[in-house]
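K.L.:
Quick note, the sequences are listed as chains A and B, same order. For what it's worth, our numbering labels the leading residue of the first sequence as 7, then goes sequentially. For what it's worth, our numbering labels the leading residue of the second sequence as 891, then goes sequentially.
Derived by calculation from the structure, the hints in this document are not laboratory data. As the structure is a computational prediction, the values presented were derived from the model and not from experiment. Among the hints, a few may not be true.
Here are the simulated SDA-like cross-link-like pairs (lysine to any residue), alpha carbons at most 25 Å apart as the crow flies [as the list claims (entries may be wrong)]: (1) A:K377 to B:S1129; (2) A:K180 to A:Y192; (3) A:K382 to B:D1234; (4) A:K378 to B:E1238; (5) A:K169 to B:G1429; (6) A:K382 to B:G1429; (7) B:K967 to A:V98; (8) B:K967 to A:D313; (9) A:K377 to B:G1235; (10) A:K378 to B:G1182; (11) B:K1287 to A:D402; (12) A:K228 to B:G1296; (13) B:K1287 to A:L27; (14) A:K384 to B:G1429; (15) A:K382 to B:S1129; (16) A:K180 to B:T1291; (17) A:K382 to B:L1029; (18) A:K228 to B:D1234; (19) A:K378 to B:T1291; (20) B:K1024 to A:L27; (21) B:K967 to A:L27; (22) A:K378 to B:E1050; (23) B:K1297 to A:F40; (24) B:K1027 to A:Y369; (25) B:K1027 to A:D313; (26) A:K228 to B:E1238; (27) A:K382 to B:K1297; (28) A:K384 to B:G1296; (29) B:K1031 to A:R395; (30) B:K967 to A:V386; (31) A:K169 to B:G1235; (32) A:K377 to B:E1238; (33) A:K398 to B:G1149; (34) A:K377 to B:V1130; (35) A:K359 to B:G1429.
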Amino acid sequence: MNRDLRFTALKKTPFHSRTSLASRTNKYYNWNGFTVPTEYSTTELEYTAARNGTSVMDLTPMCKYMIYGSDANRFVDYLVTRDLSQMEDNTVAYIIWCNEDGKVMDDGTIFKFSNTKFMLCCAVKIYNWLHDSAEGFDVSCEDATDTTAALAIQGPTSCSTLKNYGADDLELLKPFGMKQYNINGYDVLISRTGFTGDLGYELWTDPANAENMWDSIMEAGKELKIRPFGMHALEMTRIEAGFIQTNTDFMAAEDSLRPVRMRSPYEIGMGWLVHLNKESYFVGKRALKKEKETGNSERCLVGLDIDGDKPAVGSVIYNEKKEDIGIVTAAMWSPTMKRNVALASLKRPYGIKIKENIFAEIYHPEELEYKKIWAKCKVVKRQFFSPERRNKVPADLYE
Amino acid sequence: MAKNTHDVIVIGAGHNGLTAASYMAKAGLDVVVLEKNEWIGGAAVSRELYPGWKYSNCSYVCSLLRPEIMRDLELYKYGLQIIPYEGSATMMRNGDYYAHYHDHDMTINSIRRHSHKDAEAYERYSRDVLRQCKIIKPLLKMTPPDLTSFKPKDLFGALEFAKHFAAKDELGGLGEKEIYDTIRFYTMSIRDYLDEYFESDITKAHLAGSAIIGTALGPCSPGSAYVLLHHYMGEVDGSVGAWGYSRGGMGSITKAMTGCLNAHGGEVKPDNEVVNVITKNGRAIGVATKKGDEYYAKKIVSNLDVKRTFLKITEESSLPGEFVERVKNFKIRGSSGKLNIALDGLPEFPCIPEGDPGGGGDMHFTETIEEMEGAYDDWKRGEWSRNPYVDMCIPSKSDPTMAAPGKHYMSVFIQYVPFNLANGGWNEERKQEFGRHIVDCIAEFSPNFKDLINHYEVRTPLELDNEVGLTEGNIFQGELTMDQLMFNRPVPGYAQYRTPLKNMYMCSSSTHPGGGVMGAPGANAAREVLIDMNIPQTGNYY
Chain A
7 MNRDLRFTAL KKTPFHSRTS LASRTNKYYN WNGFTVPTEY STTELEYTAA RNGTSVMDLT
67 PMCKYMIYGS DANRFVDYLV TRDLSQMEDN TVAYIIWCNE DGKVMDDGTI FKFSNTKFML
127 CCAVKIYNWL HDSAEGFDVS CEDATDTTAA LAIQGPTSCS TLKNYGADDL ELLKPFGMKQ
187 YNINGYDVLI SRTGFTGDLG YELWTDPANA ENMWDSIMEA GKELKIRPFG MHALEMTRIE
247 AGFIQTNTDF MAAEDSLRPV RMRSPYEIGM GWLVHLNKES YFVGKRALKK EKETGNSERC
307 LVGLDIDGDK PAVGSVIYNE KKEDIGIVTA AMWSPTMKRN VALASLKRPY GIKIKENIFA
367 EIYHPEELEY KKIWAKCKVV KRQFFSPERR NKVPADLYE
Chain B
891 MAKNTHDVIV IGAGHNGLTA ASYMAKAGLD VVVLEKNEWI GGAAVSRELY PGWKYSNCSY
951 VCSLLRPEIM RDLELYKYGL QIIPYEGSAT MMRNGDYYAH YHDHDMTINS IRRHSHKDAE
1011 AYERYSRDVL RQCKIIKPLL KMTPPDLTSF KPKDLFGALE FAKHFAAKDE LGGLGEKEIY
1071 DTIRFYTMSI RDYLDEYFES DITKAHLAGS AIIGTALGPC SPGSAYVLLH HYMGEVDGSV
1131 GAWGYSRGGM GSITKAMTGC LNAHGGEVKP DNEVVNVITK NGRAIGVATK KGDEYYAKKI
1191 VSNLDVKRTF LKITEESSLP GEFVERVKNF KIRGSSGKLN IALDGLPEFP CIPEGDPGGG
1251 GDMHFTETIE EMEGAYDDWK RGEWSRNPYV DMCIPSKSDP TMAAPGKHYM SVFIQYVPFN
1311 LANGGWNEER KQEFGRHIVD CIAEFSPNFK DLINHYEVRT PLELDNEVGL TEGNIFQGEL
1371 TMDQLMFNRP VPGYAQYRTP LKNMYMCSSS THPGGGVMGA PGANAAREVL IDMNIPQTGN
1431 YY
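Chain B with its partners taken away, still in its complex shape:
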């Protein structure tokens, strides 16, 4: 049994753990990151499961990762390059399609084919969404104030939070009306929200996709509009709401972060699963690993979701009962699955004209919001959606490093897939049945698709839980609903990255501002650790 001492231990080498670790190492601390898997990256990984093809096994596109983090950690130096999407499309059973492009006016022209009114409504819609994005953007980097506290920090924090909603000039003259809009946006269903702008089913179905990806809400569920905002508030170089690929797959992000961490003297130790947080008199002092090693540190930062952190690796007796109850009630429901497919060539999608940039990014085939809600109904019964919503893309169309020239990698994200599958749960057979079902659904739109398949990896919420460590396979490490956002995330009273245990912190997506490969929870948590250690924080993020 080896004993190791460091300044900081980070549990879990996902993107938030690595972001927090890198910021702390940059500030001069001796940081070690303990990772249970043999590989690094959590849900931002690129693995070659079939020779010659790289998969972005979990998360697959990038937009939310804060540019300030990329800048501070100099991720380009360690190989990170973001490739913007060219467009996106929804295919229709009548052979037509609906497309969005990088160019705003091309999008308007495209929507106009389906509805003249919608084309113009889109201008209004994108302005309104952008306005909400501008309000939320500065909040992402803030530690949420504790609204019940009278500490100056919290009082100022609350004012700062409120300022972003009320400030008139800074945000382009937001008035009372926009504050009402914000509250409506945070609480409405996406169906109701889109109905206020659009008339055509296909426009609404295409736009609604972002509101259900990763969530266990349906398009008619209150709160789903916020999920859309959550997907829109990212950017690619100032293009708000734009998405891109990470060159070399999502693993390039965590690989670059590891590069930065190493350059500042930090270290990641893969194949070192933390099984227990060692406490003494209400303080966290170290961790024990499955291998039987012990690591001690001044500060311990957990990148595991809040349930795993406090219900699996921390002794319940060392925590306040009410806190444990809150954690148990934290909503973290798996709703998504994924297929990663190695293709021998480029599949044809006859709905989308050859050379149309709409086929360059995400593709879908859900034509109405009702279909989407139907897919959700299946999930509620514990079944995978018979007619699922898919977010599929072929990163190798833009990224030359995923497969050899002429070969392709396809990522298919599937909504909805339950964690607790009805009638006996998941087993290998049912997992393969689910995979075949999705392949059949795609083949309806691509005649040569099945013939091109060399290999595919099926991911159900169960794999995401077991392998990646996302409880129930929820990709956001906790539902993104108002009751679990901002000062309520993960649980009221503990939104400032600190925990009931002294010297123990949280940096996962279970904390503000939530899921997505954003890095903000990690950077925010690192700031709180540095504040507690009286170490100045430097960089563009802070």
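The shape of chain A in the complex, shown without the other chains:
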């Protein structure tokens, strides 16, 4: 039977034969047009793998773009707010980029192979934006989302797992470093990056290598508490790490129907990524400079430590006069810290100058009724959890 391939519902990643086999619960969701598991067994155990052993996540649906050309270096520096002019080859940098109004479009990671070759990974599609922005630069941009298979291998034993897989001397790779390997006959790029705030790596390879890579890594991690890890568990680890997620913690500028929902980097705790003293111009520089000078940022994105153990999902935040001062964008009970934590977008001066006497109104579901909880919050560092092993070189090995 010839299937008519013009119609595609959701795409399957090159790991689908393996992820679907590993799934005990058949719970999937749509990530950027791909079918990927939300949960394989139980979220608690998957989460634990990322803090105790090795967790494996199919990252393929992430947007991935290759940027080539003699102006590639100059182009990425123009595109993003961070000063990348001194970035070394074979390193990765965390970045955000804005529109000309200085409103954040997305965050992501940029991989530098050389001055003429980069890879950009992010959540929101920007193929069109890249092309439009590239005018006047000698660069070409290529969407590599479908042509690059990617896995996140995260957790305390992840380095040992990958060494067993064939990544020699991986423990020496520094955080935000990357290294090209040839394993089982395929090129595999390994970067010490991730979204869990723990020791971890991301692997990038040809889709033809996907199944072999999955099987070999599962075998390599067999004695190292390896476990596939779904989106729900990732959400838990990224909140603990204080990482933000586009269209969850803030609206991407190009996705915001209501212009007032757009946020500048200063309003989402990303001011540290804006290098106004960068010599060359970058998209949004003028607007950001003005915002910095006038200090008219309206919001801020902060970490909250909340009394009690009921997660403040979707809670409205109030001051002591019961005035609405913001909203929780992500919340959880942290199994590692045994703390009730949240990320919240607050109206300044709350969160910046006023850090005490703020409250979350939590609606806790209890058998078809809601229990209303008025919980005291403390503004704290957004990076709730950052273990020493995360940045250790050489990385921890389990032998």
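Given chain A, work out where chain B should sit, using these hints.
P.N.:
Leaving out everything else, chain B in the frame of chain A:
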């Protein structure tokens, strides 16, 4: 002879002593903890007795440790991580098995293989047990009221206690029926309790295990149902009744507590056994150590069980006679033993299919409650059980830090083992004989088990008494029966962590709410000390 002065001396660096010490140090007090052993941790220790293998030498799993304590003491910062269990299983001599899982519906499917009716009864059973857990949970953190006192604190306390039984809405509409159920639960035998729900022997045997672990009661003894509740009222992140491993063994808990204590200026002094409490005019003023040093403090808090505290290190003449009599009569009977085994590989248990998460947590091989009662009968005669109930687990299956990859550590808890062994008591030879007997019992279910053994440590109640300091080797520091619980724990009139000696307090598991690595006795005792010193208490626990 050195003289040292502090605000508070805590005797014994077990988890409750360290919890109390940390809370008091956090409140600004100068605290020193004196520990008799060269290592820290009491019964929550991880020791490497065979190179390359870490053992959780005594307690081996974690559920009861209050999350508020972990939060207040920031134990994650000092390395504590709890790893939830994946499941548990009971192996059967006919080659079959019975399993419980992290996922409720998988458990239901599993029970259904043995009895369709039991699978559905399990829903009712878990609801009823959970309801009792909800009633008891707030009581754990409370100082029991003195029912004979007319002090406002006690009157309000009694009301508060009663409220949790009677409040309708808060606890999901508990009515009179549930109060009757509570009283029944606290007094029934686990056999009678389970008979009201289940028909299959294997279901009942699997569930009854929690009712006998650590107690000198049998499954037919009245009061054993409460012991099950005591094991269920813990949680792992909201999953009530769930158990987990402490990454790096149980010693990671006390290590993290020590980290917190040190960060707040407190100190633990190992190898400093307290032999005497120094008193003056009915007040405790200090302690003397075996080394001959004296320590003086405003407050002295003993983490030793009530018998050791008042019959061994305190002069009887400084205590009221009736109190001493009560302490002497306190039931603290050893009933458990343990094997810690270093394995060269993963033992096979053919009853449990490969990859079944049921094999990821505790494993057992007692198929009926009658077998369990038979094991208890042996204990009553002063013998170790010929067909014992074991709670065995292989923490290294989940925890990568206990042994090298591919190597395994197995913890085997054994019920029943007497403190006073008949026909001459314990000696090295009989201890080894006991160890070999347990190895033989396990080998019946695992063909390659014996070949994999590199080393094992045998623990009898005698070792637990001598080394850890648990009188008679009772892991709860006193039997968990109604006559010794809540306002009666450890003895009537002294349930509020204070003692007949002014300035002397108790924080061990001999006090409310009892044993298990819970930390609640320690945190509650610290609160009472702080109240007496007029120091405000802060944190999520209080």
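K.L.:
Each hint should be assessed against the structure and marked as holding or not.
P.N.:
Structure-based check of all given hints:
no. : hint              : result
1   : A:K377 to B:S1129 : holds, 19 Å
2   : A:K180 to A:Y192  : holds, 23 Å
3   : A:K382 to B:D1234 : violated, 51 Å
4   : A:K378 to B:E1238 : violated, 50 Å
5   : A:K169 to B:G1429 : violated, 43 Å
6   : A:K382 to B:G1429 : holds, 12 Å
7   : B:K967 to A:V98   : violated, 28 Å
8   : B:K967 to A:D313  : holds, 19 Å
9   : A:K377 to B:G1235 : violated, 50 Å
10  : A:K378 to B:G1182 : violated, 58 Å
11  : B:K1287 to A:D402 : holds, 19 Å
12  : A:K228 to B:G1296 : holds, 9 Å
13  : B:K1287 to A:L27  : holds, 22 Å
14  : A:K384 to B:G1429 : holds, 13 Å
15  : A:K382 to B:S1129 : holds, 24 Å
16  : A:K180 to B:T1291 : holds, 23 Å
17  : A:K382 to B:L1029 : holds, 23 Å
18  : A:K228 to B:D1234 : holds, 16 Å
19  : A:K378 to B:T1291 : violated, 42 Å
20  : B:K1024 to A:L27  : violated, 38 Å
21  : B:K967 to A:L27   : violated, 37 Å
22  : A:K378 to B:E1050 : holds, 22 Å
23  : B:K1297 to A:F40  : violated, 39 Å
24  : B:K1027 to A:Y369 : holds, 21 Å
25  : B:K1027 to A:D313 : holds, 18 Å
26  : A:K228 to B:E1238 : holds, 16 Å
27  : A:K382 to B:K1297 : violated, 47 Å
28  : A:K384 to B:G1296 : violated, 44 Å
29  : B:K1031 to A:R395 : violated, 35 Å
30  : B:K967 to A:V386  : holds, 15 Å
31  : A:K169 to B:G1235 : holds, 21 Å
32  : A:K377 to B:E1238 : violated, 48 Å
33  : A:K398 to B:G1149 : holds, 21 Å
34  : A:K377 to B:V1130 : holds, 19 Å
35  : A:K359 to B:G1429 : holds, 24 Å
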